[in-house]
Amino acid sequence: MAAPAAPSLLRTAIPLWRDLRVLRVFSQVVFVVVVVLVGARLYANMRANLERQGLVTGYDFLGNPASFDIGERLIPYAASDTYGRAFLVGVLNTVMVSIIGIALATVAGVVMGVARLSPNWLIRQIAAAYVLLIRNTPLLLQLFFWYFGVVIQLPKVKQSIALLGSLFLNQRGLYLPWPVPTETFDGWKPYLMAALIASFALWLALNLIQKRLDRPLPAWWGLGYLLVPAGIAALGWALAPNAPLAVDFPVLKGLNFKGGLRVTPELFALLTGLVIYTGAFIAEVVRAGIQAVSKSQTEAARALGLKPMQILRLVIFPQALRVIIPPLTSQYLNLAKNSTLAVAIGYPDLYSVSGTIFNQTGKAVEVVTIIMGSYLVVSLTTSLLMNIYNKRMALVER
Amino acid sequence: MLAAWLVYLILRPALTWVFTQAEWQVIVTNFRLFMRGQYPDEAVWRLWVGIYFLALVMGMSWGVWGQAARTFAALFGAAALLFVLLPFSLNARLNWVGVLITLVAAMLLARNRAALKPWVILGWVILLPLTIVLTAGAAWLPFLSPVAPRLWGGLLLTLMLTIIGNTLALPLGILLALGRRSSLPAIKSFCIGYIELWRGVPLVTVLFMAQIMLPLFLPAEIRVDPVVRVIIGLTLFEAAYQAENVRGGLQAMPRGQFEAAYALGLNGVLTMLFIILPQALRLVIPALLNSFISLFKDTTLVAIVGLFDLLLIGKTTLAQPDFLGKYREVYAFLFVVYWAFSMMFSYASQRLEKTLGVGTR
Chain S
22 MAAPAAPSLL
32 RTAIPLWRDL
42 RVLRVFSQVV
52 FVVVVVLVGA
62 RLYANMRANL
72 ERQGLVTGYD
82 FLGNPASFDI
92 GERLIPYAAS
102 DTYGRAFLVG
112 VLNTVMVSII
122 GIALATVAGV
132 VMGVARLSPN
142 WLIRQIAAAY
152 VLLIRNTPLL
162 LQLFFWYFGV
172 VIQLPKVKQS
182 IALLGSLFLN
192 QRGLYLPWPV
202 PTETFDGWKP
212 YLMAALIASF
222 ALWLALNLIQ
232 KRLDRPLPAW
242 WGLGYLLVPA
252 GIAALGWALA
262 PNAPLAVDFP
272 VLKGLNFKGG
282 LRVTPELFAL
292 LTGLVIYTGA
302 FIAEVVRAGI
312 QAVSKSQTEA
322 ARALGLKPMQ
332 ILRLVIFPQA
342 LRVIIPPLTS
352 QYLNLAKNST
362 LAVAIGYPDL
372 YSVSGTIFNQ
382 TGKAVEVVTI
392 IMGSYLVVSL
402 TTSLLMNIYN
412 KRMALVER
Chain H
3 MLAAWLVYLI
13 LRPALTWVFT
23 QAEWQVIVTN
33 FRLFMRGQYP
43 DEAVWRLWVG
53 IYFLALVMGM
63 SWGVWGQAAR
73 TFAALFGAAA
83 LLFVLLPFSL
93 NARLNWVGVL
103 ITLVAAMLLA
113 RNRAALKPWV
123 ILGWVILLPL
133 TIVLTAGAAW
143 LPFLSPVAPR
153 LWGGLLLTLM
163 LTIIGNTLAL
173 PLGILLALGR
183 RSSLPAIKSF
193 CIGYIELWRG
203 VPLVTVLFMA
213 QIMLPLFLPA
223 EIRVDPVVRV
233 IIGLTLFEAA
243 YQAENVRGGL
253 QAMPRGQFEA
263 AYALGLNGVL
273 TMLFIILPQA
283 LRLVIPALLN
293 SFISLFKDTT
303 LVAIVGLFDL
313 LLIGKTTLAQ
323 PDFLGKYREV
333 YAFLFVVYWA
343 FSMMFSYASQ
353 RLEKTLGVGT
363 R
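Residue numbers (the numbering used here), protein chains in the order written: chain S, 22 to 419; chain H, 3 to 363.
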């Protein structure tokens, strides 16, 4: 009998402008419409502007001859090749700088990060000063310093600085000894393939055995990954009539060095700047990671009789890695993105090559799309790989 | 011991060089260029008005809030004192003395007068717009003939880009962060796409895009100054990073805060505005200031698209016939300026963190 009140309340429909379900749909529709309208307006402006300038959009120009030369390349390229190939040269240069830079910066960062926690007061202060100075000044300024202030000012070829006997540093770059294949190299290739396959087979077999045994294998079995393929490769080396690889030393002949590997001044300055800059950031990441491992872990390890290096390698690092990996990933991505500053010191990376192509063709939209697309691919791939690695590390938990 | 010997080996020649061998004439001669680029001489008084106003507001904050604002005021005062002592033009040094006096006078004036607080806050709010109007001028304003932004240069341009870029990026970043946390799929996916897109590309390409593509997107009759284009690019780029910072703070808010606000009868917008955002933003102040400092360093990249910021000015002075080869002096000077500003910002942010008690409650 008291019931009538409730149904009447239910029957009064909620007005449309207060119904949450309607509001949700409505607001999204409005949002999408606004975004589409703004986008359409911008696109129409762009079409009108391009038409006024008499430019045709499209990627056909990639097939035209580029007619400019690129000083450094990993694949054969000549000025008569296409714009598409020029882009590829730039992409490969960027990838190479990123990979070498990431490897070296990791080493520098780990060394400096550990040094910041060293029991030796002076080593700690030097590492701290390095981090403080490098992290608080712009990368571009550092690159200018390394290129215009250091590398360009290096001595002439005749007065090269010799390091470790066979490394030479002068105005024209850094000369390194480098292995080059000899005529027997082709005969050695099958052995290299066999070594790779053996390594993979070993990995499968060990995994299988471990599953059967249901307990971890002794750690030194892991050495097999290294020893077995190395053995096969060495066997091939011994069987060949003469060595398949010969080390080519840089030698001063006449006005220039011949032989060896030449790292150009631009690449040398770029890598130095990137490694030193990113190294300082990685050092902080590593320090934070190590400090995140509780002190009692070190004490327990010491109580078990481990030596300091063993404590670091077996106890601290595996645990610190979990804290380190996510920020480390973003530092790697930063390094890859910062490699665009190569344009400021004349190293032909993707951005620099694209700039030249834009100046020649005026294809603003296409060039920007290609650059942004390439960097997005690099960024997303790196973060995907690091996420996989991160998951593997995290799985070690109980 | 070995390490001590190494430090001695490095420090001794460095100090000898700084005080006896270096020829600092290149810096002294070009000091105006370093500070303000091509900014016209007859308009410099407007920059001074801006600095005096900053000193006034800062001194008053020091007086009103004491402890909390003291670090900033002290840093500002120290910088001013440094400029008084350095051997630059007499006019500039007298002005810095005036700035110092203004700072201290404002502090004494405002001390223990809590009633002035709203006025001081108003001062901070109008500081940036006022400085921009003073610097840029406008045709319809008396005494303030317009100065095209492309004439700004040196440290003036560097600081303007940093401060304007950050100030505009923060509200945009907050909106993006809220959008990313929204339960509406259309808005959420748009915000995620925006943030990831901008965070995935290098700043240089963003600046390149701002310089080349922005004019294409606008109607033909609108012409945008190169500096303004770069500011738009920096703002859009920085907003994505600020959004991720703010999102960190939003995620740190316990559910109870939302529920309590609902229980009090606040709707979604009011909850966000008065309960969640003030707390979340306070939590992420260190992260926001970190972004501020990295944008300060990143403004050097505008040199690549041809804007005469502090770095590019330094590079061009090296091409002057009188100072060819003075690499060490110019780079040492630039390193010191950038480093000093970064350190000042990060020291101030640490103090602010302590004063606000972030993370300690």
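Don't read these hints as lab results, they were simulated from the structure.
Source: prediction; values computed, not measured.
Honestly, I wouldn't trust all of these hints.
Claimed, not checked - Distance condition first, Cα-Cα at most 20 Å in a straight line; then the derived SDA-like pairs of lysine to any residue: (1) 358(S) x 326(H); (2) 358(S) x 295(H); (3) 358(S) x 196(H); (4) 317(H) x 56(S); (5) 328(H) x 174(S); (6) 190(H) x 174(S); (7) 177(S) x 95(H); (8) 317(H) x 177(S); (9) 358(S) x 328(H); (10) 190(H) x 55(S); (11) 190(H) x 173(S); (12) 190(H) x 53(S); (13) 317(H) x 367(S); (14) 190(H) x 47(S); (15) 190(H) x 42(S); (16) 358(S) x 317(H); (17) 190(H) x 364(S); (18) 299(H) x 43(S); (19) 190(H) x 177(S); (20) 190(H) x 154(S); (21) 317(H) x 173(S); (22) 190(H) x 58(S); (23) 299(H) x 364(S); (24) 358(S) x 130(H); (25) 358(S) x 296(H).
Hint check:
1. 358(S) x 326(H): Distance of about 33 Å is beyond 20 Å: violated.
2. 358(S) x 295(H): holds (18 Å)
3. 358(S) x 196(H): Measuring from Cα to Cα gives roughly 18 Å; hence the hint holds.
4. 317(H) x 56(S): Violated. Residue 317(H) to residue 56(S) sits at ~42 Å, over the 20 Å cutoff.
5. 328(H) x 174(S): The hint holds at about 12 Å.
6. 190(H) x 174(S): violated (53 Å)
7. 177(S) x 95(H): violated (45 Å)
8. 317(H) x 177(S): violated (23 Å)
9. 358(S) x 328(H): violated (31 Å)
10. 190(H) x 55(S): Cα-Cα ~15 Å, so holds.
11. 190(H) x 173(S): The hint is violated at about 50 Å.
12. 190(H) x 53(S): holds (11 Å)
13. 317(H) x 367(S): Cα-Cα ~15 Å, so holds.
14. 190(H) x 47(S): holds (15 Å)
15. 190(H) x 42(S): The given pair, whose Cα atoms are some 17 Å apart, holds under the 20 Å limit.
16. 358(S) x 317(H): violated (23 Å)
17. 190(H) x 364(S): With Cα atoms ~36 Å apart, residue 190(H) and residue 364(S) exceed 20 Å; violated.
18. 299(H) x 43(S): violated (47 Å)
19. 190(H) x 177(S): violated (59 Å)
20. 190(H) x 154(S): violated (40 Å)
21. 317(H) x 173(S): Answer holds: residue 317(H) to residue 173(S) is near 14 Å, not above 20 Å.
22. 190(H) x 58(S): It holds: about 19 Å lies between the C-alpha atoms, which stays within 20 Å.
23. 299(H) x 364(S): holds (18 Å)
24. 358(S) x 130(H): violated (31 Å)
25. 358(S) x 296(H): holds (14 Å)
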